[in-house]
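Protein chains: 4
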Amino acid sequence: MRIDLNSDLGEGFGRWELGDDDALLSVVTSANVACGFHAGDPSVMRRTCEIAAERGVSIGAHTAYRDLAGFGRRFVDVPPKELTNDMLYQLGALRQFAEAAGTTVNYIKPHGALYNTIVHHEEQAKAVVEAVVKYDPTLVCLGLPGAAWLRYAEEAGLPTRHEAFADRAYNPDGTLVSRRQPGSVLHDPAEVTARCVRMATEGEIVAIDGSVIKANPDSICVHGDSPGAVDMAKAIRAGLDAAGATVEPFAMEPSAEHRA
Amino acid sequence: MRIDLNSDLGEGFGRWELGDDDALLSVVTSANVACGFHAGDPSVMRRTCEIAAERGVSIGAHTAYRDLAGFGRRFVDVPPKELTNDMLYQLGALRQFAEAAGTTVNYIKPHGALYNTIVHHEEQAKAVVEAVVKYDPTLVCLGLPGAAWLRYAEEAGLPTRHEAFADRAYNPDGTLVSRRQPGSVLHDPAEVTARCVRMATEGEIVAIDGSVIKANPDSICVHGDSPGAVDMAKAIRAGLDAAGATVEPFAMEPSAEHRA
Amino acid sequence: MRIDLNSDLGEGFGRWELGDDDALLSVVTSANVACGFHAGDPSVMRRTCEIAAERGVSIGAHTAYRDLAGFGRRFVDVPPKELTNDMLYQLGALRQFAEAAGTTVNYIKPHGALYNTIVHHEEQAKAVVEAVVKYDPTLVCLGLPGAAWLRYAEEAGLPTRHEAFADRAYNPDGTLVSRRQPGSVLHDPAEVTARCVRMATEGEIVAIDGSVIKANPDSICVHGDSPGAVDMAKAIRAGLDAAGATVEPFAMEPSAEHRA
Amino acid sequence: MRIDLNSDLGEGFGRWELGDDDALLSVVTSANVACGFHAGDPSVMRRTCEIAAERGVSIGAHTAYRDLAGFGRRFVDVPPKELTNDMLYQLGALRQFAEAAGTTVNYIKPHGALYNTIVHHEEQAKAVVEAVVKYDPTLVCLGLPGAAWLRYAEEAGLPTRHEAFADRAYNPDGTLVSRRQPGSVLHDPAEVTARCVRMATEGEIVAIDGSVIKANPDSICVHGDSPGAVDMAKAIRAGLDAAGATVEPFAMEPSAEHRA
Chain A
21 MRIDLNSDLG EGFGRWELGD DDALLSVVTS ANVACGFHAG DPSVMRRTCE IAAERGVSIG
81 AHTAYRDLAG FGRRFVDVPP KELTNDMLYQ LGALRQFAEA AGTTVNYIKP HGALYNTIVH
141 HEEQAKAVVE AVVKYDPTLV CLGLPGAAWL RYAEEAGLPT RHEAFADRAY NPDGTLVSRR
201 QPGSVLHDPA EVTARCVRMA TEGEIVAIDG SVIKANPDSI CVHGDSPGAV DMAKAIRAGL
261 DAAGATVEPF AMEPSAEHRA
Chain B
21 MRIDLNSDLG EGFGRWELGD DDALLSVVTS ANVACGFHAG DPSVMRRTCE IAAERGVSIG
81 AHTAYRDLAG FGRRFVDVPP KELTNDMLYQ LGALRQFAEA AGTTVNYIKP HGALYNTIVH
141 HEEQAKAVVE AVVKYDPTLV CLGLPGAAWL RYAEEAGLPT RHEAFADRAY NPDGTLVSRR
201 QPGSVLHDPA EVTARCVRMA TEGEIVAIDG SVIKANPDSI CVHGDSPGAV DMAKAIRAGL
261 DAAGATVEPF AMEPSAEHRA
Chain C
21 MRIDLNSDLG EGFGRWELGD DDALLSVVTS ANVACGFHAG DPSVMRRTCE IAAERGVSIG
81 AHTAYRDLAG FGRRFVDVPP KELTNDMLYQ LGALRQFAEA AGTTVNYIKP HGALYNTIVH
141 HEEQAKAVVE AVVKYDPTLV CLGLPGAAWL RYAEEAGLPT RHEAFADRAY NPDGTLVSRR
201 QPGSVLHDPA EVTARCVRMA TEGEIVAIDG SVIKANPDSI CVHGDSPGAV DMAKAIRAGL
261 DAAGATVEPF AMEPSAEHRA
Chain D
21 MRIDLNSDLG EGFGRWELGD DDALLSVVTS ANVACGFHAG DPSVMRRTCE IAAERGVSIG
81 AHTAYRDLAG FGRRFVDVPP KELTNDMLYQ LGALRQFAEA AGTTVNYIKP HGALYNTIVH
141 HEEQAKAVVE AVVKYDPTLV CLGLPGAAWL RYAEEAGLPT RHEAFADRAY NPDGTLVSRR
201 QPGSVLHDPA EVTARCVRMA TEGEIVAIDG SVIKANPDSI CVHGDSPGAV DMAKAIRAGL
261 DAAGATVEPF AMEPSAEHRA
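As you go down the protein sequences, you meet chains A, B, C and D in turn.
Numbering-wise (the numbering used here), the first sequence opens with residue 21 and increments by one.
Numbering-wise (the numbering used here), the second sequence opens with residue 21 and increments by one.
Numbering-wise (the numbering used here), the third sequence opens with residue 21 and increments by one.
Numbering-wise (the numbering used here), the fourth sequence opens with residue 21 and increments by one.
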């Protein structure tokens with residue numbers, strides 16, 4: 021009954037803020053920190069790492085396509101070698117701020133269009149994995165169960181972890197219901213909390229057709245950038261705590277674990 | 021009679037190239053590698069670090085203002101805290117590529133307008149030094165003798181080194197002759213080479229008025245982005261070698277020195 | 021008793037929003053629209069122009085230094101010729117969206133650090149004016165009374181207009197009280213509204229020492245990006261309307277005036 | 021026997037230059053001018069427009085995805101509405117510089133990955149056409165025969181023109197031989213010139229299998245950014261002139277035609 025809660029954080033840029041990072045960093049146990057390519061200027065990165073470190077929240081690299089105007093949500097057909105180097109650049113930059121805050125980068129969870137693309141795009145999936153291997157072969161890869169890039173990661177000997185989505189409906193085969201379909205996103209905090217508790221304690225998700233899927237996510241992704249998001253995240257956290265689940269980072273370096 | 025030759029390298033970006041990096045990396049002993057803010061995309065950074073590592077050329081961080089359109093040559097009034105974080109971001113990113121190439125970042129030499137600004141701008145000078153202290157207090161700071169930032173660096177216990185310019189005329193007080201004055205830049209390879217040899221072997225520079233200045237640069241900066249630049253750099257290197265000077269990096273981590 | 025209310029609008033970028041543009045566009049009569057250099061991607065620009073056109077709000081070019089990361093709030097030492105061209109680029113791009121919305125760009129009000137710089141920086145002031153002359157010598161220049169660029173604009177035969185700030189304290193000499201001083205920004209809607217009414221109807225501002233300054237602003241600048249900003253703007257508008265002031269654009273092309 | 025020669029120009033950015041624009045602007049009759057999204061800062065745009073105007077070279081908008089790092093050569097999955105607005109932004113900015121130079125934008129030829137994408141990508145093709153309709157329904161659309169976007173352009177009543185490539189091999193069906201195949205790019209100036217003359221005077225291209233294709237291009241695209249490119253362009257121009265072809269812009273506003 022151990023579970024992690026992760027959220028995308030540090031997604032402001034310069035004058036622009038997004039979401040209530042401070043509140044979420046008191047709720048989640050893993051922070052996917054933007055690295056400057058889709059969001060996250062150096063000062064945002066530093067501040068996010070510092071607060072995460074203070075509160076024992078594990079830091080992950082939320083790497084992305086170079087696309088500030090599109091917030092990393094648009095597929096970019098980057099040649100694999102360049103993509104590998106773009107990942108290394110972002111990983112190195114984030115590591116600097118994690119270390120400046122007395123901790124380190126514990127995992128990578130690509131962002132947005134890149135996250136979705138490397139579920140199936142073989143070349144870009146390999147390119148991301150190659151970057152992780154170059155960066156540090158103990159870095160944990162967090163993604164969707166069945167994603168191509170996690171398969172390559174495992175082949176390369178990298179540790180992998182799976183996540184589920186707190187507020188998304190699932191198909192009976194374990195895939196996410198497309199956002200274009202009605203009912204794809206759940207909005208009721210009580211229902212979402214109950215689902216998260218069931219995932220964490222029983223390893224089950226009720227699919228959109230009522231069937232029960234087996235799922236043992238290492239982490240549950242909660243969102244922070246929509247109205248009510250923080251309240252929902254807090255409800256989930258409270259529900260998991262009340263159900264006796266141990267909510268803690270799935271990946272945390274020993275020294276940081278001690279400090280936290 | 022030990023001297024280093026440094027040059028600004030890796031200053032392409034995407035489709036655009038600048039200078040003949042491959043040729044210069046066979047001439048110089050220290051490479052000031054652009055970190056993405058004024059030039060140098062991740063793929064250029066990686067390639068530059070790899071060639072430098074192969075040839076035993078020491079890697080330095082050529083950090084800059086965030087200003088691709090201005091090539092880092094325009095003063096930007098960045099608040100000090102942000103400047104510190106911009107430096108950490110660039111240092112971290114470059115370190116990644118240096119390490120991927122089996123070496124590391126040995127020094128920092130800020131670029132362009134930032135280089136000139138922190139000669140006298142107290143707040144920005146302190147901000148750069150603060151970044152170096154955070155990054156690694158053994159990182160060597162390379163700059164102009166008398167620069168404010170090197171003074172702060174020394175106060176903070178950071179190692180510092182000084183550079184002279186191969187092709188620039190000097191005033192009797194040791195400052196550079198302004199580029200607006202006639203004769204400020206020297207173009208004759210033989211004359212420039214003779215000046216470099218004298219700097220390296222006798223610690224002297226003949227000023228624009230004919231007087232002789234004492235100077236003991238740790239490194240001489242040669243340029244690579246103008247026509248004839250590579251030929252001049254080769255002439256300087258050959259002249260120094262012929263004069264019996266030991267041309268080698270002023271800063272190089274032990275392991276890399278062994279390999280080189 | 022004619023007065024204009026202007027506000028900085030369209031300052032989102034991609035995923036990021038800033039302020040409540042929709043609400044403000046029902047309050048103000050002139051919209052300073054960001055042109056992509058400090059904020060405002062093309063889609064934001066188009067939407068802002070469309071809503072402004074629908075509501076008869078006059079469109080102005082809120083041109084800026086190329087500085088997304090700093091939101092145009094950092095002085096950049098751009099060479100004058102480049103600054104002129106940066107202005108032309110932004111003016112041309114905004115005109116496109118204004119025309120696509122059936123109206124046009126009626127004035128220019130530079131943004132942030134550029135606004136402040138060309139109050140006194142002669143070369144940059146001239147550079148901005150040169151761009152306006154090239155763009156359209158009937159474009160109105162909106163700025164601070166006494167600003168260098170407005171002086172050059174007048175010398176060049178350009179129409180100029182002055183603005184006052186709704187929520188800023190003034191020195192007895194008519195300059196703004198520095199933001200570093202206590203009391204420089206006023207927060208009470210009733211007080212701010214009363215000041216605006218007095219400016220519009222009596223041409224007077226009470227300075228921070230209690231003395232009365234003569235001021236006949238063509239426009240009053242209200243802010244939209246802080247909490248309570250929209251409420252304050254609404255209060256000011258209601259106060260001006262109640263006082264019998266005619267709140268209307270200081271610059272509007274004839275066709276648009278007809279439509280509005 | 022009228023033919024146009026077009027080339028991609030103004031593709032420098034800040035410190036970086038690309039190709040010999042000055043030489044090419046004495047050879048070609050149409051300049052595809054970069055608009056700042058893949059290359060071309062405002063000062064490059066202005067200079068390119070000024071030289072083009074002086075020499076009677078027709079100016080076209082070489083619009084692109086927002087991708088400086090990838091030089092617009094990477095497909096970006098931009099939502100159609102945003103793509104339309106990105107095109108309008110670039111068109112408006114370029115028009116400003118064309119007008120400042122006393123001429124105007126006569127046509128649009130999208131760049132790189134966008135050029136290739138809208139040959140077949142229906143949504144993006146429509147989005148580009150929508151921008152042109154909004155911008156000016158007399159703007160000429162220059163592209164590959166059979167391209168989806170030209171089909172939509174014709175449906176919308178926009179004028180279209182076709183181009184052929186001077187140095188590319190063709191398949192018997194009139195499509196280009198893929199760059200991955202041997203012989204896809206021709207390097208011999210004499211052969212390339214002879215092909216261009218035959219295109220212009222006889223409306224024929226010899227395909228890679230020796231068969232003869234009917235082709236009546238309005239313009240032939242020559243490249244300027246590779247070694248020998250300018251010499252080949254000069255050879256083509258000389259060959260066309262010698263063959264009695266009238267080499268002139270396919271689109272030029274009346275006033276500019278007079279001046280030229």
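Since the hints were derived computationally from the structure, they do not count as laboratory data.
Keep in mind that this is a model prediction, so the values were computed, not measured.
In this text, a Cβ means the ideal position worked out from N, Cα and C, and glycines have one as well.
There's no promise every hint is true.
[What the hints assert, rightly or not] Derived DSS-like pairs: lysine-lysine, alpha-carbon spacing no greater than 27 Å straight-line: (1) Lys154/B <-> Lys154/A; (2) Lys154/B <-> Lys234/B; (3) Lys154/D <-> Lys154/C.
[Claimed, not checked] Away from chain A, derived, C-beta distances all over 10 Å, residues of chain D: (4) Glu74; (5) Arg86; (6) Ala120; (7) Ala133; (8) Asp156; (9) Gly177; (10) Arg199; (11) Leu206.
Here is what the structure says about each hint:
1. Lys154/B <-> Lys154/A: Holds - the C-alpha atoms of Lys154/A and Lys154/B are around 24 Å apart, at most 27 Å.
2. Lys154/B <-> Lys234/B: Given that 27 Å is the threshold and the Cα spacing comes to 34 Å, the pair is violated.
3. Lys154/D <-> Lys154/C: holds (24 Å)
4. Glu74: Since the minimum Cβ distance to chain A is about 34 Å, Glu74/D lies beyond 10 Å and the statement holds.
5. Arg86: For Arg86/D, whose nearest Cβ neighbour in chain A is about 5 Å away, the distance does not exceed 10 Å, so it is violated.
6. Ala120: holds (26 Å)
7. Ala133: violated (7 Å)
8. Asp156: Check passes; 25 Å lies beyond 10 Å.
9. Gly177: Given a closest Cβ separation of 30 Å, the condition holds.
10. Arg199: Label holds. Min Cβ-Cβ 14 Å, cutoff 10 Å.
11. Leu206: holds (25 Å)
In this structure, the earlier hints numbered 2, 5, 7 are contradicted, and the remaining ones agree with it.
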